[in-house]
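Participant: Residue numbers (this note's numbering), protein chains in the order written: chain A, 1 to 517; chain B, 1 to 306.
Some hints could be false.
[To be verified] Here are the simulated PhoX-like cross-link-like pairs (lysine-lysine), alpha carbons at most 25 Å apart as the crow flies:
1. A:Lys27 with A:Lys219
2. A:Lys181 with A:Lys27
3. B:Lys59 with A:Lys181
4. A:Lys436 with B:Lys211
5. A:Lys175 with A:Lys185
6. A:Lys219 with A:Lys175
By construction, these hints were calculated from the structure, which means they are not laboratory data.
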Amino acid sequence: MSKRFLALLSVLLVLSACGGGTTGGTKQGDKLTIAIGPDPDTLDPMRQTTTTVQNIVSMVVETFVFVDPEGKYKPLLATSWQTAADGMSWTFTLRSGVKFSDGTPFTAAAAKANFDRILNPASTCPLCGAFRGVNSIDAVDDTHLKLNLKQPIASLLGLMTEVTFGFLSPNSIAKGTDNFKDQEKPVGTGSYLLTDRVKGDHVTLTRNDQYWGAKPSYKTQMFKIVPEAASREALVRSGQADVILLPPASDIPALQQDKTLKVILAPGDRTIFLAFNQSPKGNPLLQKAEVRRALNYAVNKELIVKSVLFGAASPMDAPMASSLFGYCKTGSYAYDVNKAKQMLAAAGASNLSIKFVAPTGRYIQDFQAAQAVANDLSAAGVKVDGPKTMDWPSYLGVINVAPADSTVDLHLLGWAPGFLDASQAMTQFQSSQWPKAGLATSYYKNPEVDSLLAKANSESDPAARQKDYCSASNLIWQDAPWLFLWVQRFPMVTTAKVTGVQAIPNESFYTVYASPA
Amino acid sequence: MITYIARRVLSGVPTLWGVATVVFVMARLLPGDPARVIAGVLASPEDVERIRQQMGLDKPLWVQYGNFLGSLLRLNLGTSAHTNAPVIEEIGSRLPYTIELAVVALVLAVTIGVLAGVAAALRRNTMLDLLISSFSVFGVSMPVYWLGLMMIIVFAIYLHLLPAAGADEPTSIVMPAVTLALFSLGLIARMTRSSMLEVLGQDYVRTARAKGAPLRSVVFRHALRNALLPIMTVIGLQFGALLGGAVVTETVFAWPGVGRLLIDSIFFRDYPVVQGLVLMFGTTFVVVNLLVDLLYAYVDPRIHYT
């Protein structure tokens, strides 16, 4: 082989490498417009309760740990962490050299000030949940923070991914000021700064050029508040928005046909189910697992997902979503109306009559799906009174009641944990979580499940936790406290001019590193 | 005149007290627990209880009512339970959008509606009359939701002329204002036509024509001015209603007005904001009615208020 040929080859290689470099690099963008539905009630990480708000705020305020689009925990403001052998404390090593956007350094003392604010008895922190099991917080030195617990919290790392536990500049949360109680303009360490907000219209973020990590492509990202799904669709079709969340479900097939658009049906963590009322005062036939299993066979989940939800869900194959830690597949109640009829007859429930309610507009095609389910149940010989529907507060008022006050036999509900761990998802099956203590509205009780879950919630060995959640899941699947329906997907639409829009499997979008295509 | 205005303003006070009481009771008759709705489904009972206390909902109803009236007297509408911001701030940030939309829509509706009504009356039973009357019926009976979406499809998606939704561009107001104006326009045109027809048959109009007054002056000075009273009543009522926010129009076009704020607040059972808004609507109607009555006296010198 001649030297000239080798030289030519190396030139070609260098050239192709250069070419790859330019096409692979992200283009700089000016503005990304994202149309969302609800108007944020608050932008305070501590006070918020909705995923859309969490999405916006998490671009400004960062947490110790981050969930990536694959659903894996990745270090963010903490570079590593350690649990004590007895699980009674956690020590986080903080990323050094990070500054808040007001110039204050991010230190263990700053982190402690945030946790102190959250745990202050006067603070409103609806999503604090298990974090209240923290007893005290020590700033060991500048880069080490130690959380001492009242009892082991196995899901602590999951909690640390929630923006509820994100870090604000200590100057912006000085004790005794209004900002301590409520944040209008959070100041964090994130890749974007909150620069403008017009209530009811938009929230605008501007790139943080001092950001410690990789810099995003878009100079600004604007969240436009558009409550009507059809109007959001019009925005993306006319190119006036680059990304929209939740298009009208019935238009998903048409949007998928459009070459100028991309439809993302991201995996989610929200299980949609019908809760059987198993309160001692309820319909005695529904106390029988045999009857509940029969009804699970009576509903054609695949068909309803296809024709009513237009593919925006996947039928459940376990009592929780597959994106959660602790998930294992437990089976499927494949549609078989004859089997359902036989099982009902065998259980003496041929004349079963049930009262059924469902919300409207809370979950994707919720009431429409409930009507389809009612049809299937009727076909199996069940006398269905309903579905009746009402607005969300009234609905909660009907289902979130003490067992003795329950009035309906079957209700549709969606349940999505805030972080990708079974602990919060499984509260639905813990008898200690019956209303009003929690929202386990099927009033299901199985002592074996209760003890398995209690164990899994506190043990520190991940393999043992996984096993316990799996055993509990298998018991629950057999007991069928729910009519298991599907795990809802998270539909988004982007124009073809944008690339890099991702989703995190807890109903979140991730547009930080989106760029022009 | 001054005493008349003073008397009317004073008589508005019991009206508004009635409105305040009715909305206070109605808000609490709605099923659902506001504290739970605001805290979300994942919140613990302790957090729900804390929010309930912050909202003052743990107190007996009559204490809540007393506190509500007491703060009202001090012109304090309270704090939104949902956003934690003062109600006056919540309404204040939305009201300019509603006023802007209402005024533009009303100006459109009044100018076009009155002119169309006059033209239809003058060309009674011709093609023009038929055209205008059909258009008025169209305007009154067209569902806003459908019309709004059709306009978005044509002007935003196909023609790329106007923004589909939002309020951040100067042209953003065009589609919501036109959609909103159509209903009032139809109503005003129909009222103008029938009122004008009544007046055009009167002796003084014939006299004015007979003495050789130019048509323009006959129509606008002699006829329209006398036909104006019922039209003004319709315009006043329409303006009052427009200032109350247009829920569907605001929702379809993502216009951040008070109509959407009201709906959001009802869905969150945010009592203070619902109360504040309904009181504001009540006050608007009292004021607009008073203004219309005062305008009567200006248009018709025979009317005196003492």
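Participant: For lysine 175 of chain A and lysine 185 of chain A, compute the direct alpha-carbon distance and say whether it is at most 25 Å.
Facilitator: OK: lysine 175 of chain A and lysine 185 of chain A at ~16 Å, within 25 Å.
Participant: Hinted pair, alpha-carbon criterion (25 Å max): lysine 219 of chain A, lysine 175 of chain A. Please report holds or violated.
Facilitator: 33 Å, violated
Participant: Between the alpha carbons of lysine 181 of chain A and lysine 27 of chain A, is the straight-line distance 25 Å or under?
Facilitator: 40 Å, violated
Participant: Assess, step by step, whether the Cα of lysine 27 of chain A is no farther than 25 Å from the Cα of lysine 219 of chain A, and give holds or violated.
Facilitator: Roughly 11 Å separates the two Cα atoms, so the pair holds.
Participant: So if I understand the rule, the pair passes when the alpha-carbon distance is 25 Å or less; does lysine 59 of chain B with lysine 181 of chain A pass?
Facilitator: 23 Å, holds
Participant: Are the Cα atoms of lysine 436 of chain A and lysine 211 of chain B separated by 25 Å or less?
Facilitator: 84 Å, violated
When the structure is compared with the earlier hints, violations turn up for hints 2, 4, 6 and for no others.
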